[in-house]
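**Student:** In case you want the letters, here they are:
Protein chains: 2
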Amino acid sequence: GFFTCLEADGKVYDDRKFCWLLSRQVWTYARLYQERPRFRLPHILEAAKKGADFVMKHVKDPSTNKCYLNLTREGKPLKSQRTIFSESFYVMAMAEMYRVTKEDVYKKEAMTMMKQIVKWVKVDSSGLGPRVQPPTPTSSLAVPMIFLMLIDQLGVMDPAHQAGYNDLADWCLEDVLKHVQRGGLVLENVSEDGQELPGSAGRLINPGHAIETGWVLLERAVKHGNEDLKQVALETFITESFNRGWDDEFGGLFYFMDADGRPPLQLEWDMKLWWPHNESMVAFLMAYKYTGEEKYLQQFAKVFDYAYGHFVDFKNGEW
Amino acid sequence: GFFTCLEADGKVYDDRKFCWLLSRQVWTYARLYQERPRFRLPHILEAAKKGADFVMKHVKDPSTNKCYLNLTREGKPLKSQRTIFSESFYVMAMAEMYRVTKEDVYKKEAMTMMKQIVKWVKVDSSGLGPRVQPPTPTSSLAVPMIFLMLIDQLGVMDPAHQAGYNDLADWCLEDVLKHVQRGGLVLENVSEDGQELPGSAGRLINPGHAIETGWVLLERAVKHGNEDLKQVALETFITESFNRGWDDEFGGLFYFMDADGRPPLQLEWDMKLWWPHNESMVAFLMAYKYTGEEKYLQQFAKVFDYAYGHFVDFKNGEW
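Chains as they are written, first to last, in this note's numbering: chain A, -15 to 303; chain B, -15 to 303.
Fair warning: there could be bad hints in the mix.
Because identical chains share one entry, a pair is satisfied inside a single copy or across any pair of copies.
Below, a list of computed lysine-lysine pairs in the DSS-like style, where the Cα atoms sit at most 27 Å apart [stated by the list, open to error]: (1) K41 x K207; (2) K273 x K34; (3) K63 x K103; (4) K256 x K86; (5) K60 x K106; (6) K99 x K299; (7) K63 x K299; (8) K273 x K86; (9) K60 x K99; (10) K34 x K214; (11) K256 x K60; (12) K33 x K91; (13) K41 x K286.
The set of hints was computed from the structure by calculation and includes no laboratory data. Keep in mind the model is a prediction, meaning the values are calculated, not measured.
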């Protein structure tokens, strides 16, 4: 297993192992090995395999398929969340491992967990742990977004699987588009029947999530030649969300915003985190790639300048 | 029920009703009516009663005694937490209502819920909801601290009850003192057997909690003539924690700190929130009251100047 919390100089800050990061590291090594000739090195593959072994052995509760949020250094479980994100990163890591190694064990892990997540989200969520059922069922943008990523990853693993997920993809697209409210504003939480929710949770905007959803939708639109979806992805999810989330005074993207301009409940709402900037750079580069329009390259440059001016640690490397 | 999220000008920001705040508002009206002649007014008592009725009717799941974190405007449950804090504020509200009204229903509610919380914390926590049992059982400072407050409140409600909680109070004191580590540093999380925990959770300092615990301990020490406890409360919990938490550069108390001076995981760690300043003012005033030492009054003035210089909304009132 990998340490997932390091200091600027590489020293271990916390020896807890966070399962999103463990799986992401496995995925990254596997993808680098697969796609980048300069990383097609035995020790990169070896690191991915060792990491995958640790993840398979410790992240999942085999009796329920639920994955933990984090583990002790030795791999003992510490915490679980009533979400599907540890499980989603598990699927992505296993699918990429199968793509690289062609070992059936990884494919089986990926497919079994994917089936489990779909069941939790679409059929019966009780396996995620008991929670209060709110009187108005809600849809969170993060769920259909990560499903679209999972479907894409399973298609990359094995193109033969792609068609099997068309129904799920259609459901995701429908669910994602419900989050466009007030004629072009992407809200993080809406009701399951596509209405704006009352209160601050209903007014919540997460520009990073909206932009991230934008490039996922754009990729899908291009792959399927869906011109309408392409325009929604470019104009609403990427451009509108970026313009709304960008701080014209000090630069950078806000973490959370309120659709009515009030301060969100989250104390960290006006902080500038690295990840929404990363999502924006991905989104604008992809927008430029698929349209050739100069304006997207200019927006990329704007985010790049902010990110490299504020996040990069030029002394120690990394962000 | 009361709206619990208002804007500066009093407009409703969010119509969700948070159960800590509902109970706190009931308690506040009841205590004002009881102890402050200028608030001994029929409409204050009426507001307390109406609030208490709403709380009793909606906050508690009668089949489990678990209280919700928040409700819809109409009182339908939205969210539950695997903690004892909604329940603790429920006890305090009900106990104060009995003290004021002498109606048995409130006393029964307070005593039943208190018994339930003690059982969850000391005997079997499964009623709080399933959670991963970490390999090293931990003690969080907030739990014995709020128990000491509850015991005090039940004693205020009915002095005859005080003695019945002596064993619990002893357990709380023992548990609180485990959090003093490294010869005088109050850590938020330690192992149940009083050892420092590994990683950033083990290094976490919450100056506001430490100072709040300080005044709770001080009050108890004075009441029982316990000179050793009085000194620990004054020197370690209040003075040391305040000096460590105070930002010498910009003033104000940090929200979270790391015992080794690293940045805590919480994004909001270096924000200045109103409540630790409030706890500090209570603590230093109380320290001055019980010692007559000028230095505590000076520290109070320092926090007062910061708080009134930064938090108070002189236009609309409130903080």
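**Student:** Which constraints among the numbered hints does this structure fail? Numbers only, ascending.
**Tutor:** 1, 2, 4, 6, 7, 8, 10, 11 and 13
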